[in-house]
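Mind docking chain B on chain A? Use the hints.
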Amino acid sequence: MTDAIDDAPALSAITYDELVVGKRIGPFEERVTADLAGRLAGPIGEPRTVAAAPPAVFPVLFLRALRRGLGGIPAGGILAKQELEFHAPLAVGTTAQVTMWIGAKEVRRERPFVTVEFDVRDAHGVQAVSGRKVIVWPTGPGQEAGR
Amino acid sequence: MSARGEFPNVSETVTQASIDAYAELSGDFNPLHVDPVAAAASEFGGIIAHGPIALHAFLRAATDWLGVEALPPGSRVAVTYRAPTRPGDTIGCALTGAADADPLEAACVSQDGTTVVTVRATLP
Numbered sequence: 001m002t003d004a005i006d007d008a009p010a011l012s013a014i015t016y017d018e019l020v021v022g023k024r025i026g027p028f029e030e031r032v033t034a035d036l037a038g039r040l041a042g043p044i045g046e047p048r049t050v051a052a053a054p055p056a057v058f059p060v061l062f063l064r065a066l067r068r069g070l071g072g073i074p075a076g077g078i079l080a081k082q083e084l085e086f087h088a089p090l091a092v093g094t095t096a097q098v099t100m101w102i103g104a105k106e107v108r109r110e111r112p113f114v115t116v117e118f119d120v121r122d123a124h125g126v127q128a129v130s131g132r133k134v135i136v137w138p139t140g141p142g143q144e145a146g147r
Numbered sequence: 148m149s150a151r152g153e154f155p156n157v158s159e160t161v162t163q164a165s166i167d168a169y170a171e172l173s174g175d176f177n178p179l180h181v182d183p184v185a186a187a188a189s190e191f192g193g194i195i196a197h198g199p200i201a202l203h204a205f206l207r208a209a210t211d212w213l214g215v216e217a218l219p220p221g222s223r224v225a226v227t228y229r230a231p232t233r234p235g236d237t238i239g240c241a242l243t244g245a246a247d248a249d250p251l252e253a254a255c256v257s258q259d260g261t262t263v264v265t266v267r268a269t270l271p
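Just so you know, the protein sequences line up as chains A and B, in that order.
This note's numbering numbers the first residue of the first sequence as 1 and each following residue consecutively.
This note's numbering numbers the first residue of the second sequence as 148 and each following residue consecutively.
Extracted from the complex, chain A is given alone in its bound form (with noise of 0.2 Å):
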């Protein structure tokens, strides 16, 4: 959608019907830095020094790819479930590459869940990092739109 985090939109107006399954978006460019890994290895938002990316720098990759990609989560969207696989460390400095795409669509119990995937490489290509969110969307059917 963008290439820039701050002009994307804050919440996604994207509508569980618009969703396109397995279409690729990115990849979006996030740095790690220093401070962003610092920041996150021990209470949020206290530095720390680190060389290699904590665990937790990988949901926030997911979190900006997701605002990059499709404006954020919808204003009423409920995370459920997450998961990561980590295939290799990604060192502080690295520029890291961030695809996503719907995995999938379907409703269950009469409501909407979007499973959106995500894959994050270093510089050269090599997988740091896959993992999915599953999002209750607010708009799709049994949902009132603009929850």
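Hints in this document: simulated from the structure, not taken from any laboratory.
Just so you know, these numbers come straight off a predicted model, no measurement behind them.
There may be inaccurate statements among the hints.
Where chain B lies over chain A, by a calculated footprint (3+ residues, C-beta under 8 Å) [claimed, not checked]: (1) 29 to 42; (2) 46 to 58; (3) 66 to 74; (4) 81 to 92.
Don't be surprised by glycine CBs; every beta carbon is placed ideally from N, CA and C.
Then chain B, alone, in the frame of chain A:
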């Protein structure tokens, strides 16, 4: 007890400052997290933290337990969000199964006993 020793008892108090810091880092400025008026009008009745904030105690405990900065290749973490976390909550994490189980099972629980997150993790 596992050969790695006891699973660390990590807890973290969630504040509006930590939520604001997380919004800044993640770019997720959903009003539910940063706008008290909009959040009060929502189904949650007030500010709630970003979901991964509730997971943070587990991730810190896991890296402390393994003595690493980054989780090793082959690690897997699967999270189910059970309840919202709010400013002022203190979230602690503890194993709910055996320390040598694969996957490990853990829960992040608030000070009033509410399970906010459950985790199944493989930590090689």
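How the hints compare with the structure:
1. 29 to 42: Since three or more residues must qualify, the claim that chain B covers the region 29 to 42 of chain A holds, with 5 doing so at under 8 Å.
2. 46 to 58: Our answer is that it holds, as 7 residues pass the Cβ test (under 8 Å) against chain B, meeting three.
3. 66 to 74: holds (count 5)
4. 81 to 92: Our answer is that it holds, as 10 residues pass the Cβ test (under 8 Å) against chain B, meeting three.
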